[in-house]
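Enquirer: Quick note, the sequences are listed as chains A and B, same order. 2 is the number of the first residue of the first sequence in the working numbering; add one for each residue after it. 2 is the number of the first residue of the second sequence in the working numbering; add one for each residue after it.
Note that these hints are calculated values from the structure, not bench results. These numbers come from a predicted model, not from an experiment. Note that beta-carbon positions come from the ideal geometry of N, C-alpha and C, so glycine has one too. Keep in mind that a hint or two might mislead.
Here chain B is said to cover these stretches of chain A; the calculated rule only asks that three of the stretch's residues, wherever they fall, bring their Cβ under 8 Å from a Cβ of chain B [unchecked claim]:
(1) 157-167
(2) 212-218
Across the chosen pairs, the derived CB separations fall in these ranges [stated by the list, open to error]:
(3) A:Gly259 / B:Gly138: 50 to 56 Å
(4) B:Val107 / A:Thr314: 57 to 63 Å
(5) A:Asp142 / B:Ala120: 17 to 23 Å
(6) A:Asp332 / B:Ala44: 24 to 30 Å
(7) A:Asn136 / B:Gly144: 26 to 32 Å
(8) B:Gly221 / A:Asn136: 41 to 47 Å
(9) A:Gly238 / B:Pro202: 57 to 63 Å
(10) A:Thr106 / B:Pro118: 29 to 35 Å
(11) B:Ala44 / A:Thr106: 22 to 28 Å
(12) A:Ala60 / B:Gly221: 50 to 56 Å
(13) A:Thr62 / B:Gly221: 22 to 28 Å
(14) B:Tyr99 / A:Gln213: 37 to 43 Å
(15) B:Leu106 / A:Thr106: 36 to 42 Å
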Amino acid sequence: MSRIRAIRPFIGAWAAALVLLGFVSTAPADEATLLNVSYDPTRELYQEINAAFQKEWRARTDTTPTIRMSHGGSGKQARAVIDGLAADVVTLALAYDIDEIAARTGLVPSDWQSRLPHNSTPYTSTIVFLVRKGNPKQIRDWDDLVRKDVQVITPNPKTSGGARWNYLAAWGYALDRWHGDEAKAREFVAGIYANVPMLDTGARGATNTFVQRGLGDVLLAWENEAYLSLEAFGRDGFEIVVPSLSIRAEPPVALVAGNAEKHGTTALAQAYLDYLYTPTSQTIAASHYFRPTEPATVPQDLLARFPQVKQFTVDDVFGGWQAAQAKHFADGGIFDQIYATR
Amino acid sequence: MITSILTAPRSLGLRQESVLPGFGLTLGLSVTYLSLVVLIPLASILISASGMSWSEFAAAVASPRALAAYRLSLGAAFLAALVNAVFGLLIAWVLVRYDFPGKRLVDGIVDLPFALPTAVAGIALATLYATNGWVGGLLAPLGVKVAFTQMGVVVALVFEGLPFVVRTVQPVLEDLDRTVEEAAASLGAGRAQTFAKVIFPPLIPAALAGFALAFARGLGEYGSVVFIAGNLPMKSEIVPLLIIIQLEQYDYRGATALAAVMLLASFVLLLLINVAQRWSHRRYAQS
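Generate the whole structure from the sequences, applying the supplied hints.
Expert: Spelled out as structure tokens, the structure:
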């Protein structure tokens with residue numbers, strides 16, 4: 002009895018704490034709310050698409066859904082969803098991140114990528130070079146990036162989805178150039194990273210390093226980010242160089258079926274994803290310099306802004322994201338080896 | 002509650018009767034609070050790391066890359082804490098012992114690193130110390146590169162750790178009895194002697210405490226460092242970044258293994274410093 006008395010204060014405090022925790026976790030979810038968990042540079046794009054979708058949905062059903070957005074590094078966002086962020090749809094930078102959500106939570110069906118057109122990719126981009134005005138270092142193609150006098154700015158592929166596209170673009174170019182010689186490709190990519198003075202953790206960070214802090218001679222960037230930099234910081238400061246060969250960056254979208262079912266938002270979420278393929282959304286995407294995957298419905302003057310680039314896909318050259326990730330970016334993968342042997 | 006305390010048998014032997022009421026309640030709340038805020042999160046790290054086999058654990062924490070990161074994290078935090086111990090002591094001294102216009106302002110500035118978001122500090126420092134920045138531009142001709150090197154890490158940690166030393170030394174210095182110094186002077190001690198034998202010794206425990214806090218902060222600091230470190234594998238990667246990288250690869254176990262090592266290292270180091278501090282306190286403060 003005396004023992005119980007002695008610990009009674011503890012019990013009381015524990016009970017109070019548990020009650021408090023209970024309150025925190027039982028906040029009710031609004032039915033007509035959709036959470037789109039996306040990656041960094043889609044902020045402006047989805048602002049516009051969401052407004053258009055809300056208008057369209059109201060015309061059809063007389064209700065206006067609230068669409069909440071969450072932006073961040075693609076991997077970080079996927080991890081948040083895995084850890085319980087209640088996303089109804091995810092619109093991320095690479096398929097690997099959505100694969101991981103599917104494999105680790107089962108909230109996304111494993112065949113998610115075949116459920117929407119074009120590998121569930123409503124818009125694509127490609128990797129281009131952003132250089133300083135007048136191109137003082139005369140950077141024309143990937144070969145120039147291994148020159149000793151060129152500093153290359155690109156984020157860390159271990160922490161940034163965008164940076165993985167950069168790396169794979171360079172690797173794909175080298176494979177093409179040396180007819181599939183992996184050793185040559187490795188030497189070439191290592192040569193590029195030897196010219197990288199620092200690795201930012203995210204794509205936007207790298208853009209800031211290059212554009213605002215004035216470091217480096219060339220920034221490897223998504224085409225849409227490169228154009229956004231031009232528009233935000235003026236065309237007198239920078240210009241875009243299109244390499245002879247690049248990768249088709251495919252940022253895919255998926256329904257987080259498990260969450261949407263729980264929220265009762267499946268129909269709304271599906272309609273939202275389908276809406277990304279409509280002429281309106283495709284045109285909005287093009288106006289934000291994402292390449293639409295249904296270009297037939299987009300005005301010619303918007304399409305004419307995209308330069309012609311010869312592109313390969315991750316599936317073509319690397320056999321899909323799972324294989325690329327395991328070979329290049331996993332612990333002890335080729336990226337690690339490049340730095341370990343220096 | 003109160004009756005339970007009043008009637009609690011003394012034979013329990015776990016606590017001494019105190020004249021202050023509320024021991025049971027406040028201790029209960031303290032333990033609960035500490036558990037919720039500190040111990041449970043830390044325990045969850047150890048538990049999830051303990052799910053690994055030894056060979057997995059060893060592979061995760063003893064890779065050459067991890068070893069390089071430990072070296073940088075520990076080395077930079079130690080160096081920065083050392084710099085702060087010296088200059089923090091000086092600043093505390095100036096703030097306590099002298100009067101000058103703008104003293105309050107300087108006193109306030111000391112706290113800025115506490116309040117400033119770490120990312121802001123990191124970006125500002127990186128901009129300043131980059132080879133095209135104000136300070137970096139001056140250092141570049143001398144062949145000294147700070148931003149995007151290991152030096153950059155030290156610079157960021159010096160910035161973040163400064164208030165810890167100043168704020169722990171300041172109150173002790175204020176409480177120092179000036180009559181003792183006067184006595185020393187009247188007994189024939191020179192200025193240097195007075196400082197070395199009378200003023201400095203009682204400050205050692207506080208300086209050590211400040212050093213320990215700055216050092217601990219340095220080990221965990223992420224936000225400001227990632228902007229100025231350069232983050233090149235094997236060269237300028239700190240352990241917290243390596244943990245983020247593991248998470249980015251969905252390798253939760255690898256991340257917690259590294260976290261467990263850092264937790265253990267910090268605990269051992271802080272314990273050592275605590276022991277040193279106690280020892281110096283007994284040796285100097287009470288003599």
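Enquirer: Against each hint, give a clear statement of whether it holds in the structure.
Expert: Do the hints match the structure? See the list:
Residues of the region 157-167 of chain A lying with their CB closer than 8 Å to a CB of chain B number 3, which satisfies the three-residue condition for coverage. Coverage of the region 212-218 of chain A by chain B holds in this model, with 3 residues showing a Cβ closer than 8 Å to a Cβ of that chain against a need of three. In this structure, A:Gly259 and B:Gly138 meet the distance hint of 50 to 56 Å, their C-beta atoms being roughly 54 Å apart. B:Val107 and A:Thr314 have their C-beta atoms about 60 Å apart, which keeps the hinted 57 to 63 Å range intact.
Distance hint check: the CB atoms of A:Asp142 and B:Ala120 are about 35 Å apart, inconsistent with the given range 17 to 23 Å. Taking the beta carbon of each, A:Asp332 and B:Ala44 are about 26 Å apart, inside 24 to 30 Å as hinted. Checked against the hint of 26 to 32 Å, the pair A:Asn136 and B:Gly144 passes, with Cβ atoms roughly 29 Å apart. Look at B:Gly221 against A:Asn136: about 43 Å separates their beta carbons, and that is inside 41 to 47 Å.
Take A:Gly238 and B:Pro202: their Cβ atoms lie about 59 Å apart, and the range 57 to 63 Å holds. One distance hint, 29 to 35 Å for the beta-carbon pair A:Thr106 and B:Pro118, holds here, with the actual separation near 32 Å. Distance hint for B:Ala44 and A:Thr106: a CB-CB separation of about 24 Å, consistent with the stated range 22 to 28 Å. In this structure the supplied range 50 to 56 Å holds for A:Ala60 paired with B:Gly221, their Cβ-Cβ distance being about 52 Å.
Taking the beta carbon of each, A:Thr62 and B:Gly221 are about 50 Å apart, not inside 22 to 28 Å as hinted. The hint said 37 to 43 Å for the Cβ distance between B:Tyr99 and A:Gln213, and at roughly 41 Å that hint holds. Against the hinted window of 36 to 42 Å, the Cβ-Cβ separation of B:Leu106 and A:Thr106 comes to about 53 Å, which falls outside the hint.
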